[in-house]
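Protein chains: 4
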Amino acid sequence: MSGSTFGSLFRVTTWGESHGISLGAVVDGCPAGLEINEEYIQRDMDRRRPGGNKFGTARNEGDKIKILSGVFEGKTTGTPIALAVFNENQKSKDYSSIMNVYRPGHADMGFTEKYGIRDYRGGGRSSGRETLARVAAGAVARKFLEEIGIKIYAYTLSVGNVEISEKNISTRFDNQFFMPDNEAAKKAEELLGKIRKEGNSVGGVVECVIEGMPSGIGSPVFDKLDANIAKAVLSIGATKAIEFGAGFQAAYLTGKENNDEFYMSDGRVHKYTNNSGGVLGGFSDGDNIIFRTAFKPTPSISLKQKTVDKFGNDTEIEITGRHDPVIVPRAVVVVEAMAAITVADLLLERMTSTLDGVLRYYKGE
Amino acid sequence: MSGSTFGSLFRVTTWGESHGISLGAVVDGCPAGLEINEEYIQRDMDRRRPGGNKFGTARNEGDKIKILSGVFEGKTTGTPIALAVFNENQKSKDYSSIMNVYRPGHADMGFTEKYGIRDYRGGGRSSGRETLARVAAGAVARKFLEEIGIKIYAYTLSVGNVEISEKNISTRFDNQFFMPDNEAAKKAEELLGKIRKEGNSVGGVVECVIEGMPSGIGSPVFDKLDANIAKAVLSIGATKAIEFGAGFQAAYLTGKENNDEFYMSDGRVHKYTNNSGGVLGGFSDGDNIIFRTAFKPTPSISLKQKTVDKFGNDTEIEITGRHDPVIVPRAVVVVEAMAAITVADLLLERMTSTLDGVLRYYKGE
Amino acid sequence: MSGSTFGSLFRVTTWGESHGISLGAVVDGCPAGLEINEEYIQRDMDRRRPGGNKFGTARNEGDKIKILSGVFEGKTTGTPIALAVFNENQKSKDYSSIMNVYRPGHADMGFTEKYGIRDYRGGGRSSGRETLARVAAGAVARKFLEEIGIKIYAYTLSVGNVEISEKNISTRFDNQFFMPDNEAAKKAEELLGKIRKEGNSVGGVVECVIEGMPSGIGSPVFDKLDANIAKAVLSIGATKAIEFGAGFQAAYLTGKENNDEFYMSDGRVHKYTNNSGGVLGGFSDGDNIIFRTAFKPTPSISLKQKTVDKFGNDTEIEITGRHDPVIVPRAVVVVEAMAAITVADLLLERMTSTLDGVLRYYKGE
Amino acid sequence: MSGSTFGSLFRVTTWGESHGISLGAVVDGCPAGLEINEEYIQRDMDRRRPGGNKFGTARNEGDKIKILSGVFEGKTTGTPIALAVFNENQKSKDYSSIMNVYRPGHADMGFTEKYGIRDYRGGGRSSGRETLARVAAGAVARKFLEEIGIKIYAYTLSVGNVEISEKNISTRFDNQFFMPDNEAAKKAEELLGKIRKEGNSVGGVVECVIEGMPSGIGSPVFDKLDANIAKAVLSIGATKAIEFGAGFQAAYLTGKENNDEFYMSDGRVHKYTNNSGGVLGGFSDGDNIIFRTAFKPTPSISLKQKTVDKFGNDTEIEITGRHDPVIVPRAVVVVEAMAAITVADLLLERMTSTLDGVLRYYKGE
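Chains as they are written, first to last, in the numbering used here: chain R, 1 to 365; chain S, 1 to 365; chain X, 1 to 365; chain Z, 1 to 365.
Check before you lean on any hint, since a few could be wrong.
A pair counts as met if it fits within one copy or between any two copies, since identical chains are not told apart.
[Claimed, not checked] Heads up, simulated BS3-like pairs for lysine-lysine below, C-alpha to C-alpha not over 25 angstroms straight-line:
(1) 304 with 256
(2) 271 with 306
(3) 256 with 306
(4) 93 with 64
(5) 186 with 167
(6) 93 with 310
(7) 93 with 75
(8) 304 with 271
(9) 271 with 151
(10) 271 with 363
(11) 310 with 271
(12) 93 with 167
(13) 256 with 271
(14) 271 with 93
(15) 197 with 256
In short, the hints are calculated from the structure, not lab data. Just so we're clear, the structure is a prediction, and the values are computed from it rather than from any experiment.
With the rest of the complex left out, here is chain R (with noise of 0.2 angstroms):
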């Protein structure tokens, strides 16, 4: 309820504010036996970064993961796992400007309205920054989903008005904007440099798949596969929609276009096509999940924008300082991690669905 733990069985609590000593994660409920390292971690951490999409050569050392507890001698041990990042220079900036007045588009006013204080600087707890905890835990969801033999992996499809052409997924990681279509993230980065200048922001839409699912994970009610998915990613600050499969466009198909047919292969069932993104009736059914989901343009613009300050007084805003015109790429990394977690939550619980499952995990039967 307190709002900063998700799932049940895989459970990840984090902490932090943009501009305090720490930001991290406890995962709980890992699996005894993962092997997991910085190293690891750290190849997602790097990815959330400004520019890390850059081959690995990320131009600074910052947001340096650390794990605190849960492994030992380089396996997780069933308890729980501290991630944190320290951060570093926290110079002591001016935000007089700002920590008053509630920039349009951002947390400020829900914040000063429930808890009558905010830690204005960067953001606080509402700041994008708030991100690296879930990236780290997801990480740690990652590893274990691998060793089952699932892959989570999620790409751009627009940037502003920027749309891919093509999904050449294996290209995505070929440009700054992980879009699986070198020439429209070409285009992205002409817009980018534009919507800079004038001190504007754009937003776009990330894709993501799921693959390798084991079918009948989910619960028929409350807990849905997408159900929960749509939690974790519509909980990413900036996003606004969710969609799975054919997703809104579903609404207007017919019956017949929508349902999937079935087939057996290869000792399995599969479908013919694929608009149910995966998901039936809240249970995974054996085929890739797919969803997609919008993030709006970064709040934070330069230009001049009306506004309120904390006293009741109408009141105008520049917000200066450097700010991404668009945050999509640094997220696509975080909607993989949301993804992984949920998935990661489900698969557990699933194991304890049937009563031979019990008898065969106890007594070998």
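Based on the hints, put chains S, X and Z in the right spot on chain R.
Just chains S, X and Z now, with coordinates in the frame of chain R:
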């Protein structure tokens, strides 16, 4: 984790299968002293029934809600409110055609894979009848929210490819589709006649509005208001997508266009626009919450479909019997119910957010 | 949080007041494929009834359990199992003497202070009848545990100051007190006659044994097996204490005396003694779990007592009507039920604890 | 479920092993606006240290708490408060004698059975050092409770067979055992000298008092105040029993003797006696909460013991190194911490219990 409980402080647990003895819900944590009775709840139950929008002249008397506990002398007592519908005339129909066959678009396969056993009568736990329990619990939440001044209403934006062209909310009860556009409703009726004759089905889009929300409801990280609503709504069977405010379109706007600027009026903060859909950074922003969700076409169609059986054979299926060629109109009240439950839960949580509030409560300070 | 749900994976939610329409429980997360029926559950229900130890000749036919959902063709389906008792002949008794008065030793005051309203008929939610729902849910847990080879049984160690002097477990069903010592039971019967005549009451101590526990059940920190059992058992009305193994006496032993030394036999670890009560460091240690719990004397006595009313006046009360002068015998099966629910929950959790177990489940490795 | 989280609204998640990099806690849900700093928390941390009752002259400077997040300008912000201790000089000791051997009275076997892997250095996650995190989180809860006027203090009733003969609470800080009887403390010191020389150990009993409790805290069924405290306290390593008020003795009293009669004074309800220990029917009754818990003797003793190794061989062990021959004095503050966390959680929950309270909060009615 076990999948039939939703919420923390205002917590709903449901039970029941389509053709079992009873379906119901336990609402635990509803504040004491709320006036509620079966008539109030029945009104929402009736809206969920086929033809439930026919000016109170529901054609038969089924789906009667009973309050089994938690209400004394017309008021809630703070103890769990059990609500049940008892199924009538559970005649033994012949299910041999579907008991071993996976209906395309349904949960049959996932259910069997996870649990090894399935109550195939009428879809069992994965039937649309499961939403009876949501609506009953949602009516309690709705009554609670009304006391605070919060109103929730949903309506149909499209049925198949028939979309509304005006949004005249007050007319939504005038037609069987809960469309705020009687002209569109007529076209939808024609479409449905045709679709039904073909043995096919269509989906649609529902929009939901929450009026009178205080600001600051929700949490900054995982329990964001929109994230929790997304889970609630995507846990309804047949939903495939959700978006808030500008939604997917936000990804194509610039920050300048998408940011809702603030101004003061009547002593409180307002926004010039509502691209946020009433949620900023996971908190309600004081404006109306607005979201849309897509329902896929009813998967039960009588047209012949390819499928497989649970023994691993390819086969075909023609689903006989009466099936709604569209579930959207009946789902409108279910969307409202899930939204109401989610908001009630987070509304209670907010009360514990500041020391000042605690001192006021315990010390009258 | 809302207080009527217990457990995570094997999760029980209860509802109902003493004189309401129905009391019941929803068991969510019970593995699918477990054979269960009303007769099995009824046996435990009957043991909870007054005179419930009379060789199956329960004097009347009340408290009949109904399975409302979750069981199909005699087996659990993995969906919530709703269990209900419907109250019969709810005659309108005269409650004017207690509706505004706080009975000493009862929850009346706390209930009123917290909720402002109270269903005073027969104690409402705080009645001993509330345990009906626990026993029903506990019977499902017991059936599940039996399949794994785990047996739970409790018996009475003392009634008032009558203590057993031998522990002949198999005789516990021979007397109405569930005492494993028929001589002691006779003395208890005499005591009860005297106490009843005085309008007074007595308490007693119950001991519970869990046989056949696998080792390694429980968690090292907050969800220790004994911590969870303690919560489960102290949530039963009228319990005031619990101890495991040597219990309070352990505080007076030396480490050398108290430590249970290990040895191998039959290929598994054994202990020479069982001061631990079967729990070490929060995990089951493979030995029998043994704990004792103390029940206070029934607070409802007909002797005159000083008290206050809810308007803040001093007054006196004599509680009329039939009341059990001891609740211990009827509580024996409730203790078993809560222990069974707790163990079932942690038993499921253990299945997710190692990567090896996960790979065996998902990849057959 | 994953075992390292306690509480719902005031929620504590801990991490860390004895000889790992760091131990710590995340406190999520603490109301915003609470003044807290490291010095305040450190006071409790110091009381947990060996010799922690020596008038503030802790012999070394270890176990320094750091606040990593959640506090801004000296006040909590409503976001998670991360608290950490970083282990110093983790010298590589020789653990070959215990890495494969199960120490009697320890969690070694259960840990290995459940997780297959164990951080054997200093007991790993099952070390007494784990309580560092509890004490840190408990200090935040204590500070919060102080604001409301609730005070929690515990003291030692017995060390081995040395029991106090007077209860002079204010003197409890005068001796190293936190005993409210300096004479008894002297005898305990003598006993300890002898026990240490023998290579043996002793246990003891701790009593805890919660003063200033409002009535009506707790819930009528599973989340009873005493049930939740019992779980909290029995989750502390080495505890074997807990009792409230008259406790086990209540089982030997009559109803007339045990019932606490009520009377009015100073405008509120009082009781003539406190056999209830301040809890009636799961709610606080306005009186002091009083409970006692038993700690077994330290299982680490240097006397030779029979045991087995993880390969299934019988063997013997003599545990070398310095070990506390009694842990009770250091556990006193841990008991307080767990009680404080539990009370804070239920205190917040109560705020949401009535519609009147909700309307007052949201509408100022």
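Evaluation of the provided hints:
no.	hint	result
1	304 with 256	between (51 angstroms within a copy, 9 angstroms between copies)
2	271 with 306	between (52 angstroms within a copy, 10 angstroms between copies)
3	256 with 306	between (50 angstroms within a copy, 11 angstroms between copies)
4	93 with 64	within (22 angstroms within a copy, 29 angstroms between copies)
5	186 with 167	within (15 angstroms within a copy, 41 angstroms between copies)
6	93 with 310	within (21 angstroms within a copy, 57 angstroms between copies)
7	93 with 75	between (41 angstroms within a copy, 20 angstroms between copies)
8	304 with 271	between (52 angstroms within a copy, 16 angstroms between copies)
9	271 with 151	within (20 angstroms within a copy, 42 angstroms between copies)
10	271 with 363	between (36 angstroms within a copy, 22 angstroms between copies)
11	310 with 271	between (55 angstroms within a copy, 15 angstroms between copies)
12	93 with 167	neither (43 angstroms within a copy, 48 angstroms between copies)
13	256 with 271	within (14 angstroms within a copy, 44 angstroms between copies)
14	271 with 93	neither (56 angstroms within a copy, 29 angstroms between copies)
15	197 with 256	between (49 angstroms within a copy, 13 angstroms between copies)
Comparing the model with each numbered hint stated earlier shows that hints 12, 14 do not hold.
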